[in-house]
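Q: Spelled out, the chains give:
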Amino acid sequence: MIVYLIRRILYAIPILIGVNLLTFTLFFVVNTPDDMARMQLGIKRVTPEAIEKWKHQHGYDKPLLINEMADSSRKLTDTIFWQKSASMFVLDFGFSDDGRSISREIVTRMGPSLAIALPTFLIGLVFYVSFALLMTLFRATALDIAGVALCVVLMSVSGLFYIIGGQFLISKLWHLVPISGYAGGGFKFVVLPVLIGVIGGIGSSSRWYRTIFLEEIGKDYVRTARAKGLSELRVLFTHVLKNAMIPILTGVVVVIPLLFMGSLLTESFFGIPGLGSYTIDAINAQDFSVVRAMVFLGSLLYIVGLILTDISYTLVDPRVRLQ
Amino acid sequence: MMPVILWSDALVFLLLAAGALMTWYVRSQEYLLLPWRRVARSNVAMVSLLVLSLFLLVGILDTLHYRVALKDKSAGQIVYSPEVLSVFDKLVEPLRLHTEKTYSAPLALTLYAKESVTDAQGNVVRVYPKLQYVTDDAQVMSRAVTGALLGLLAGGLLVVAVRYAGYLIGWVPAFAGMTIFKERRAVVIATLIIAGLIGMTINLASVYHVLGTDKVGQDVLYLSLKSIRTGLIIGTVTTLVTLPLALFLGVAAGYFRGWIDDVIQYVYTVLSSIPSVLLIAAAVLMMQVTIDTHPNWFDTAASRADLRLVFLCLILGMTSWTGLCRLLRGETLKLRELEYIQAAQSFGVSSLRILSRHIMPNVMHIILIALVMDFSGLVLAEAVLSYVGVGVDPSMISFGTMINGARLEMAREPMVWWALASAFGFMLVLVLAANLFADAVRDAFDPRMNRS
Chain A
0 MIVYLIRRIL
10 YAIPILIGVN
20 LLTFTLFFVV
30 NTPDDMARMQ
40 LGIKRVTPEA
50 IEKWKHQHGY
60 DKPLLINEMA
70 DSSRKLTDTI
80 FWQKSASMFV
90 LDFGFSDDGR
100 SISREIVTRM
110 GPSLAIALPT
120 FLIGLVFYVS
130 FALLMTLFRA
140 TALDIAGVAL
150 CVVLMSVSGL
160 FYIIGGQFLI
170 SKLWHLVPIS
180 GYAGGGFKFV
190 VLPVLIGVIG
200 GIGSSSRWYR
210 TIFLEEIGKD
220 YVRTARAKGL
230 SELRVLFTHV
240 LKNAMIPILT
250 GVVVVIPLLF
260 MGSLLTESFF
270 GIPGLGSYTI
280 DAINAQDFSV
290 VRAMVFLGSL
300 LYIVGLILTD
310 ISYTLVDPRV
320 RLQ
Chain B
0 MMPVILWSDA
10 LVFLLLAAGA
20 LMTWYVRSQE
30 YLLLPWRRVA
40 RSNVAMVSLL
50 VLSLFLLVGI
60 LDTLHYRVAL
70 KDKSAGQIVY
80 SPEVLSVFDK
90 LVEPLRLHTE
100 KTYSAPLALT
110 LYAKESVTDA
120 QGNVVRVYPK
130 LQYVTDDAQV
140 MSRAVTGALL
150 GLLAGGLLVV
160 AVRYAGYLIG
170 WVPAFAGMTI
180 FKERRAVVIA
190 TLIIAGLIGM
200 TINLASVYHV
210 LGTDKVGQDV
220 LYLSLKSIRT
230 GLIIGTVTTL
240 VTLPLALFLG
250 VAAGYFRGWI
260 DDVIQYVYTV
270 LSSIPSVLLI
280 AAAVLMMQVT
290 IDTHPNWFDT
300 AASRADLRLV
310 FLCLILGMTS
320 WTGLCRLLRG
330 ETLKLRELEY
340 IQAAQSFGVS
350 SLRILSRHIM
360 PNVMHIILIA
370 LVMDFSGLVL
380 AEAVLSYVGV
390 GVDPSMISFG
400 TMINGARLEM
410 AREPMVWWAL
420 ASAFGFMLVL
430 VLAANLFADA
440 VRDAFDPRMN
450 RS
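Chains A and B, in that order, are what the protein sequence lines are. In terms of numbering that gives the first Met the number 0, the first sequence opens at residue 0 and continues consecutively. In terms of numbering that gives the first Met the number 0, the second sequence opens at residue 0 and continues consecutively.
Hints were generated in silico from the structure; no laboratory data involved. Be careful, since some hints might not be right.
What the hints assert, rightly or not - Derived lysine-lysine pairs resembling BS3-like cross-links, with alpha carbons at most 25 Å apart: (1) B:Lys100 x B:Lys214; (2) B:Lys214 x B:Lys70; (3) A:Lys171 x B:Lys113; (4) B:Lys333 x A:Lys218; (5) B:Lys214 x A:Lys171; (6) A:Lys227 x A:Lys241; (7) B:Lys70 x B:Lys89; (8) B:Lys100 x B:Lys89; (9) B:Lys100 x B:Lys113.
Just so you know, these numbers come straight off a predicted model, no measurement behind them.
Please work from the sequences and hints to get the whole structure.
A: Quick look at the structure:
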């Protein structure tokens with residue numbers, strides 16, 4: 000298993016290099032730093048001097064890949080690629096356009112992101128699986144059909160509607176909790192985003208789990224279990240649920256590390272100072288270094304999620320051996 | 000008048016041509032027609048198809064663009080208006096041109112807020128100003144009823160016409176069993192209800208602002224209808240990118256294996272490891288820089304907004320082909336071990352021919368299911384992306400820009416809810432119809448579904 004893990008981690012390196020090259024191409028080759036400077040300064044106020052100054056301030060006044068002017072080893076290191084892209088491998092993300100350290104922002108903003116994302120994830124998972132089990136228990140009855148119809152309608156509603164509607168109903172009309180804000184993460188600030196996050200996922204997730212359970216329930220071992228005289232509830236909870244773990248884990252474990260990134264929409268609507276709203280602000284302010292850092296961080300966490308998924312298989316299914 | 004073909008228009012025509020070609024081919028092959036018959040047997044699918052075709056009709060009419068020639072001909076040369084209009088704009092010209100001063104509620108006769116007006120005696124009074132284009136007859140009910148009745152009548156005529164046309168074309172073997180109104184009470188009732196609603200809306204819209212007006216006084220119904228084209232384009236043109244990439248790479252990776260498989264797997268793992276919103280945001284930001292630094296590429300504002308829409312589809316396609324590619328690779332890995340492929344290989348059939356004759360037809364159902372399932376997700380994604388600021392051009396009318404513009408209006412006093420409600424409502428109908436239709440298609444095409 001250790002050997003397997005080491006191999007997986009080594010395999011992650013070329014993927015991260017790929018991500019890095021892709022963002023490098025997107026941000027520095029498709030558009031040169033000059034274009035970015037023009038964009039940032041505004042079309043009107045642009046002079047060659049202003050562009051040079053902006054590039055110098057942000058460290059973009061270097062050659063892209065190879066610096067012919069510098070000495071031997073600095074030929075490679077004194078370049079945009081080395082300083083802006085390759086440095087991300089040691090989690091050095093540099094500075095945002097307003098001069099703050101991105102790494103530090105990431106560390107301080109992870110907490111609020113997690114405060115929303117983790118409860119949403121856990122409550123959601125339990126709720127969706129229970130709802131799906133309920134539909135499976137009453138499969139092919141009116142209850143099941145109504146449940147599926149509800150899911151289809153819920154998944155057809157835009158995610159923006161849940162947020163705007165929830166804020167309007169619960170905060171503006173009923174005055175139960177503040178519309179937005181965070182203020183250290185009190186319960187009243189967290190409950191609404193979590194509730195809306197859970198409701199927003201009911202449609203697609205419950206339906207997905209129901210499909211998984213229905214696929215399992217058609218298998219031979221279920222018939223055997225029933226033939227032994229086990230109750231339907233027992234069959235569902237001890238046999239079907241356990242066997243459905245692998246497909247469930249495949250979809251679920253991958254997103255756990257990504258919880259750190261928060262949710263773009265929820266955080267920006269509720270004014271939560273997490274990584275999601277950080278990203279949105281960066282997109283709106285066209286702060287490319289932050290966007291680049293978030294892309295890298297996101298793919299790093301995704302790869303961690305993939306490895307965790309593999310490990311989780313061995314925990315629920317003794318037949319799986321990682322070699 | 001000068002016809003204008005924007006980039007997205009050209010792509011829509013390409014898609015329509017491809018769709019027509021596919022329909023023609025499927026109709027000629029009985030075994031391909033079989034699953035579609037199963038789709039046609041579902042009432043839900045047929046009603047959603049009806050709704051989708053109405054949306055499609057609006058979208059297509061909105062795709063036929065032109066520029067009007069201006070009156071003053073300077074030096075014998077015809078000058079064209081910089082404004083790009085569509086046939087749909089012409090059809091609903093009153094809706095487009097009747098802009099009020101600011102917000103007004105649905106079917107209202109006055110603006111939504113009081114204003115200070117000097118009356119005949121010279122006193123300043125606070126009143127609700129009358130709307131400019133709504134004549135004060137207040138016959139909402141009678142107009143609604145006549146409209147609905149006319150709509151029902153038209154719907155009834157349509158049902159009868161299609162039913163008997165159905166009998167007529169029923170003689171052509173390919174159409175047998177395709178007569179959708181025969182013995183289908185649910186479909187007939189749904190058609191009549193929809194026709195009645197449309198009749199009512201048309202009759203009311205000629206006098207009132209049925210869904211009110213927005214901040215700058217534009218008719219919300221007009222904006223909602225215009226958004227349909229943007230949503231449809233995002234949902235369909237994106238497949239023009241997704242499909243070839245996923246199909247060729249997925250099938251090649253599964254069939255050839257070895258280093259080809261490794262390279263393709265590497266590429267899609269890299270792409271799918273980046274959270275898609277971030278990748279889209281990064282790409283769209285870069286596209287914005289490119290567009291801003293090349294203003295001379297575009298002759299009208301419409302063509303600029305349009306190119307941005309096409310780029311957005313391109314970017315969405317580039318980031319979303321990986322899932323389908325993985326599915327196709329898996330299926331091809333399974334197929335290539337089957338006896339008939341091995342037989343073909345031992346006969347010395349070339350790889351290209353095996354791929355095109357034996358593998359591709361057998362993965363088509365996966366592609367079709369994936370495409371119809373992706374459509375609704377893409378329509379919803381447009382709204383989110385436009386909200387985040389990496390969606391369509393702000394000047395382009397879309398559900399996303401409508402929601403983005405209206406999201407602060409709920410906080411107004413009195414509350415302005417109609418613009419948001421219309422955008423969400425239209426989007427819900429479109430996405431729901433697409434989802435229901437996609438479900439029917441999946442049930443009919445997926446071989447894993449057990450049929451009795």
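Q: Compare the structure with each hint and give your call.
A: Hint check results:
no.	hint	result
1	B:Lys100 x B:Lys214	holds (8 Å)
2	B:Lys214 x B:Lys70	violated (31 Å)
3	A:Lys171 x B:Lys113	holds (23 Å)
4	B:Lys333 x A:Lys218	holds (21 Å)
5	B:Lys214 x A:Lys171	holds (22 Å)
6	A:Lys227 x A:Lys241	holds (18 Å)
7	B:Lys70 x B:Lys89	holds (18 Å)
8	B:Lys100 x B:Lys89	holds (22 Å)
9	B:Lys100 x B:Lys113	holds (13 Å)
Checked against the numbered hints listed earlier, the structure breaks hint 2 alone; every other hint is satisfied.
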